[in-house]
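Protein chains in written order, with this note's numbering: chain A, 277 to 430; chain B, 77 to 522; chain C, 30 to 348; chain D, 201 to 766.
Just so you know, these hints were derived from the structure itself, not from any lab.
Treat the hints with caution; some may be incorrect.
Said to hold, decoys possible - Okay, derived cross-link-like pairs now, SDA-like style, lysine to any residue, Cα gap no bigger than 25 Å in a straight line:
1. D:Lys-632 / A:Glu-384
2. D:Lys-458 / D:Lys-617
3. D:Lys-374 / D:Asp-563
4. D:Lys-260 / B:Met-431
5. C:Lys-255 / D:Asp-563
6. D:Lys-617 / B:Val-179
7. D:Lys-611 / C:Val-63
As the list claims (entries may be wrong) - From the derived model, a few chain D residues whose C-beta atoms are all more than 10 Å from chain A:
8. Lys-260
9. Lys-317
10. Arg-530
11. Pro-703
12. Cys-730
13. Ala-733
What the hints assert, rightly or not - So these bits of chain D aren't anywhere near chain A, every CB distance computed over 10 Å:
14. Arg-300
15. Met-313
16. Ala-314
17. Arg-405
18. Asp-429
19. Glu-486
20. Phe-559
21. Leu-571
22. Lys-614
23. Ile-683
24. Asp-688
25. His-719
26. Thr-722
27. Gly-727
28. Gly-755
29. Leu-757
The C-beta atom is built at its ideal place from N, Cα and C for all residues, glycine as well.
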Amino acid sequence: MVSGSDSPGNGFEPKILVFACNWCSYAGADLAGVSRLQMPPNCRVIRVMCSARVRPEFVITALSKGLDGVLVLGCHPGDCHYSEGNYFTRRRGLLLRKLLEFVGIEPERFQVRWVSASEGAKFAETVEQVTEQIRALGPNRPRSEVLGTEPGDR
Amino acid sequence: MESQSVLVIGGGIAGIQASIDLANMGFEVYLVEKTPSIGGRMAQLDKTFPTNDCSMCILAPKMIECAGHERVHLLTYSDVVEMDGKAGDFRVTVLRKPRYVDVEKCTGCGECAEKCPRRVPDEFNVGLAKRKAAYLPFPQAVPRKMTIDAESCLYLTKGRCRVCEETCQAGAIDFEQQEELVELEVGAIVLATGFDPFDPGSLKEYGYGEIDNVITGLEYERLICASGPTGGHLERPSDGKVPGTIAFIQCVGSRDVNYKAYCSSVCCMHATKEAILANEHYPGLKSFIFYTDMRAVGKQFQEYIIRAREQYGVGYIRSRPGKITVNEETGNPVVWYDETIYGDAGDPERRVASMEVDLVVLCQALVPHSVHAEIAEKLGLMLDESGFIAIEDRLIRPVDTTVPGVFACGFCQGPQDIPDSVIQASAAAARVAEILAKKSKELEHA
Amino acid sequence: MQDKLQEVVRKLLAEGAVDYFIGYCQSSQPYRAVPCFVSDESEVGKLVWGPLCGQNLSKYVLRANELDGKVGILLKGCDTRAVVELIKQHQIERDKIVAIGVPCQGQVDHRKLGKILGVSLEQVTSVQDVGDEFLVTVGEETKKVRKEEVLLDKCFRCKHPSAFGYDVTLGDVVPFTVDADAGEYAAVEELEALPIEERRAFWRKQFERCIRCNACREACYACYCKECLFERKTPRWLAAPPLLSENEMYHLIRAVHLAGRCVDCGECERVCPMNIPLGSLYRKIQKDVAELFDYEAGMEMDTVPPLVNFELDDQDPFM
Amino acid sequence: MPKTRVGVFVCHCGNNIGGVVRVPDVVEYARTLPNVTYAEDNLYTCSEEGLSSIKDQIAKQGLNRVVVASCTPRTHEPLFKRACEEAGLNKYLFEFVNIREHCSWVHMHDPAMATEKAKELVRMGVAKACHLEPQQEFESDVFPAALVIGGGVAGMSAALGLANQGIQVHLVEKEQELGGLIRGVQTLFPTEQDTDELLRPLAERVKAHAHISVSLGSEVENVSGFIGDFDVSVRADGEVEGLRVGTIIVATGAEELKPVDLYRYGELPNVVTQLEFEEKFKSGGEIPRSVAIINCVGARIPKRTYCGRFCCATAIKNAIWIKERDPQARVYVLHRDVMAYGVEIEEFYRRAMELGVRFLRYDVESPPEVLGEDRAKAVKVQHQLMGKEVILPVDMVVLTTPLVARDDNGKLSKMLKVPLGSDGFFLEAHLKLRPIEFSTDGVYVCGAARYPSNIPESVSQAYAAAAKASIPIREGLVRVEAITAFCDERTCSACGNCVEACPFGAIELQQGRFGRTAHVNTAQCKGCGCCVAACPSGAMQQRGFSDMQVLSMIGALAEEMTGGVG
């Protein structure tokens, strides 16, 4: 089972949340699939229309809730389906990475990459790389530290 | 009032696209397809170049969109038997062949096929597999209705069996079904009858039909396809072994004045795609493509070739093999071809070389569909020398046939790939809209 | 200065130029001044100005939105930046405010003062600004305290925006300068220099102590949202009990929200009952916003907030 | 509120999913998830059988949310949404889970992990589905006119294709006359018709058409708005005119590559490009006795990888043109691959050979060399068949160069919010099945602006674009997918972040019932969600991608860590 086992190195398999924009990166992920590019099974993709939909609060929340890493994927700068969304993503990414690092969260745990619809291979490589990096870091936080919250009223 | 209905003949990707566009433009569309399902040749493809999109994955939504459109009326398993009239006012008779299945009742569950005792070669899998006499041509078929093939059904040919009738919970089997003639009045006609593969058997030197491990491009396509008869396992015919080396021979019947003088346009990319797929499935597998000119002229095509060469190790050999023999011991085909070698002095020299491979794929010419000539005759259309539907004015009326009000798109009017076919399909829709608008407004023919 | 202030405010009230005035008055504790609202000429005498007026009054100008008339406010250079941001963020219109600029010579951090004096602050009876030093009266005794030792941290980083024109000034409002070794982001840089595990440990210790009383949020001028993200029911971002992971989330999200907004007024740290060095967190964001996007909150009236703006050639380590 | 009843349909996709993921286990697991009242597996959920099962179960089980775990929403979402709709369920109550492209296909060798992952993905999908809400699509009117940018053959054909349907067309051409790039061309492949014979009547028809207004010497300066209602500023002679149109066709063409630094072009006077060759002889002139035509100049090289598609045909056409006028002339075509695809070009190629045009293949590694001091006197080439170097005496060298994208494509691409490919040509929505559409609704492309194409191809594309551009106008209505942003005015503080973040200018601060708040113009909203992420308070939300929905997915994913609440 892919879950945050508490002991690093000892069969620890990180759980990584991936946000992918609908137009480029999700399509890139699809292409990786269509191309049958094999990759580690640690990532879970949430599709958003644009990487700029990913509010930093999502990243912070995911890490607080014990996920081991968050990867935000968007179109290459200049290729945004909405022309400029990924430029916002880039700024948020730059700032958030530094902030997280400042409070001692390894920068590998939050990454931003540009993956186009034709970059199935890049998607696969990115997943592989990020998974390895985070696997090497070990769990983001001990399970005892996090608490399940129902994200709202039913 | 002129008819605002349109007849589209042929339910491949071009016919589907033309139907969807016309229906979206507000016309009532009658889409006549000869076989039990729309989808055409594209449905038989595993992947499409240059994106390697899974063909069915991008086609299936279109098929369903088309069939589900409120203004598209599907007439599958049907033939156009009579047509006359003129632009704005054609009368068409369509013969609906009996499926011997009541499509209102059939759920497409496949029980009848399961129980049907009669096995015949499966056209969809170009004969590489068997289907039953009661069948669904392929899993994603639209409409998803069973058909009983009158030519092979035991009951219909020999008068006994009717197992399907007993099996069908829905009571959909109906052996009483008769041919039905449907009369249509349409303002315009769009032809999208597509192509047939050329039978390479007539090129004796390549040994198709004689040498087990010499197959055609379309056969290969079904073999490599995950939904094909081998589940995507590339098994060569002689012994079911996965080939380690494959030779693709281009221009088989194409660019050859003895057969088809024209270039079939899609085979260079098709072979490249097949070679890429082979290597993707079996990373060690080595492919060689024997070509005359590598005609990769579309968007992202050159880049695809580069990837094939660099990433998938596809070998491109510029030579037209003279013959294919077989190594009786291994069953391996041997390709004989001219090659250029460089001597000690660096001087090139042509000599005959041979290459033993595990499998040979003949990328055969693609020829106008067999229904072509008949339909053309009924409509009084001219064909060009190669048998494609002739276009009156190539330059500014690229989809107009020689008869006003009749348009042709896709492979039936000349070899072309999917995007070009889709473009012509939409173009034909625009031309229909033009002439029907003009007709109804009594404007002069532009 | 205080007299001049009172005179100006009296005039404003008399003329009906403002409905009321926001300034400081002496609290019951002589070592600190507190915000007060003066709406009648008779109350003007309450108003004070001196080295104990460190608190940021800008949040109170939002009340002007409920009035037909205007609100007068006493603004130190630093508070002005908050007002600039509030105007930029459409929270208040410039012409709802009558801004009185006051030249500030540095404000006392009473925690530092207490430490230096080594006595309970309750015994302090007055604090006077005499140039480089403060004269502090404790009981009978008057002590000299060097300004560098007791000033609020923010005073060492004093800046004054040029974007803002005061309606009245009580003297030249210019950045206050003080000789000190500390660089602009000294505290941040100190933490940045630590190995990442130590930083983690440091902040875990801080966040662990948080009791999520929300005082930092309540005190923050930039937390003007009608409904705070954390108060929403759908979705509920935070669980109720103050768990380390959730506290961390709270503070990091707050830090992100303050990017391009925090003007370093120090209210959050001032009000934190657990003495969490929140300023360092927000200073870090300020530092990065300045370095990465060349943006400083409250300095200009017509710039676009950094996270809803971009340059084509922004840094891009994400290729 | 009625109880949430989620139905989960897990697809085997034949063997595509079922061959790796243990689908029955996923179905079993789905049944244990909160609010899931029904789960089943299908061989192909997208088949008519699968779709009818979804419809049947909506009725039978009273499902009010549907989750399909199969392939990718990018191709199949509309299909399943429609099935829901047909069963009377609002289609926005459907959620898609991708367990093929993102799971079975990429973890083929790890069925156990793939199965676990599929379960988690389903859990996330179900979590989101529980928070989906029914949505109404926004509808807006379409202004019954179209804009065609570019007055070449493609642009003119597109304009006629629309105008002949009775649609008002504005045709904007940069130059002072219609015709575009081919004005300089003598004859046109494949009919060898005189270009002027084609262009003149075509241009006349365009100009005379009651439904076409032509603006010459004009440029599109700004475009705002959206499908159905674009505001276009066109500048002509310093004057700016505003146009209102429903759809836009880009037919701005391309230009011939001027091969500076190649084959001594620009240095020697008798080294010319194909277009220069045509222009030179269009007005008469002595036909050279010996000509070398070099193909693939500046094309199919690492710097410019694409093939110019029709340049081989151009070379053949001009080779024949010379031979037909002077059978004694020596014409060499130095080529790599001869791109004589299809029926006519191949025939043309054969005719050229019959006329005595000599085709010599060169290798890109050892390209031909132009010799001569002040004029090209000879071309040296490695003859591949003869296996030796040959020197061809010539009195003219014609370089066959590809079309290249126009520099100002970038400007137009920004204005129209449509992308360019790495080669600078406009990039369509899908190479295979949406070749003349953009992802941005209401904008289409044809001709060489998209990719080099010959006249019949460009005209086909133009008509295809006309068909697409006519559809919204004929329908009179566009529907906007309900993934748009909306503002909770009760809690909006009007900070204005969203206004700044919106790439489409769709948000304004307005005075309303709750004071000043942000207001989204739905017709202009494209559903990117930039504004939502920029809103600190969470007052701005996106339909189908709300904080609630995304957060519930994060929560579902983190469930094992967080102790499995919910």
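Hints, verified against the model:
{"no.": "1", "hint": "D:Lys-632 / A:Glu-384", "result": "violated (37 Å)"}
{"no.": "2", "hint": "D:Lys-458 / D:Lys-617", "result": "violated (29 Å)"}
{"no.": "3", "hint": "D:Lys-374 / D:Asp-563", "result": "violated (40 Å)"}
{"no.": "4", "hint": "D:Lys-260 / B:Met-431", "result": "violated (63 Å)"}
{"no.": "5", "hint": "C:Lys-255 / D:Asp-563", "result": "violated (72 Å)"}
{"no.": "6", "hint": "D:Lys-617 / B:Val-179", "result": "violated (46 Å)"}
{"no.": "7", "hint": "D:Lys-611 / C:Val-63", "result": "violated (57 Å)"}
{"no.": "8", "hint": "Lys-260", "result": "holds (24 Å)"}
{"no.": "9", "hint": "Lys-317", "result": "violated (5 Å)"}
{"no.": "10", "hint": "Arg-530", "result": "holds (45 Å)"}
{"no.": "11", "hint": "Pro-703", "result": "violated (5 Å)"}
{"no.": "12", "hint": "Cys-730", "result": "violated (4 Å)"}
{"no.": "13", "hint": "Ala-733", "result": "violated (4 Å)"}
{"no.": "14", "hint": "Arg-300", "result": "violated (6 Å)"}
{"no.": "15", "hint": "Met-313", "result": "violated (4 Å)"}
{"no.": "16", "hint": "Ala-314", "result": "violated (6 Å)"}
{"no.": "17", "hint": "Arg-405", "result": "holds (37 Å)"}
{"no.": "18", "hint": "Asp-429", "result": "holds (18 Å)"}
{"no.": "19", "hint": "Glu-486", "result": "holds (49 Å)"}
{"no.": "20", "hint": "Phe-559", "result": "holds (35 Å)"}
{"no.": "21", "hint": "Leu-571", "result": "holds (42 Å)"}
{"no.": "22", "hint": "Lys-614", "result": "violated (7 Å)"}
{"no.": "23", "hint": "Ile-683", "result": "violated (6 Å)"}
{"no.": "24", "hint": "Asp-688", "result": "holds (14 Å)"}
{"no.": "25", "hint": "His-719", "result": "holds (19 Å)"}
{"no.": "26", "hint": "Thr-722", "result": "holds (15 Å)"}
{"no.": "27", "hint": "Gly-727", "result": "violated (5 Å)"}
{"no.": "28", "hint": "Gly-755", "result": "violated (5 Å)"}
{"no.": "29", "hint": "Leu-757", "result": "violated (5 Å)"}
Checked against the numbered hints above, the structure breaks hints 1, 2, 3, 4, 5, 6, 7, 9, 11, 12, 13, 14, 15, 16, 22, 23, 27, 28 and 29 and satisfies the rest.
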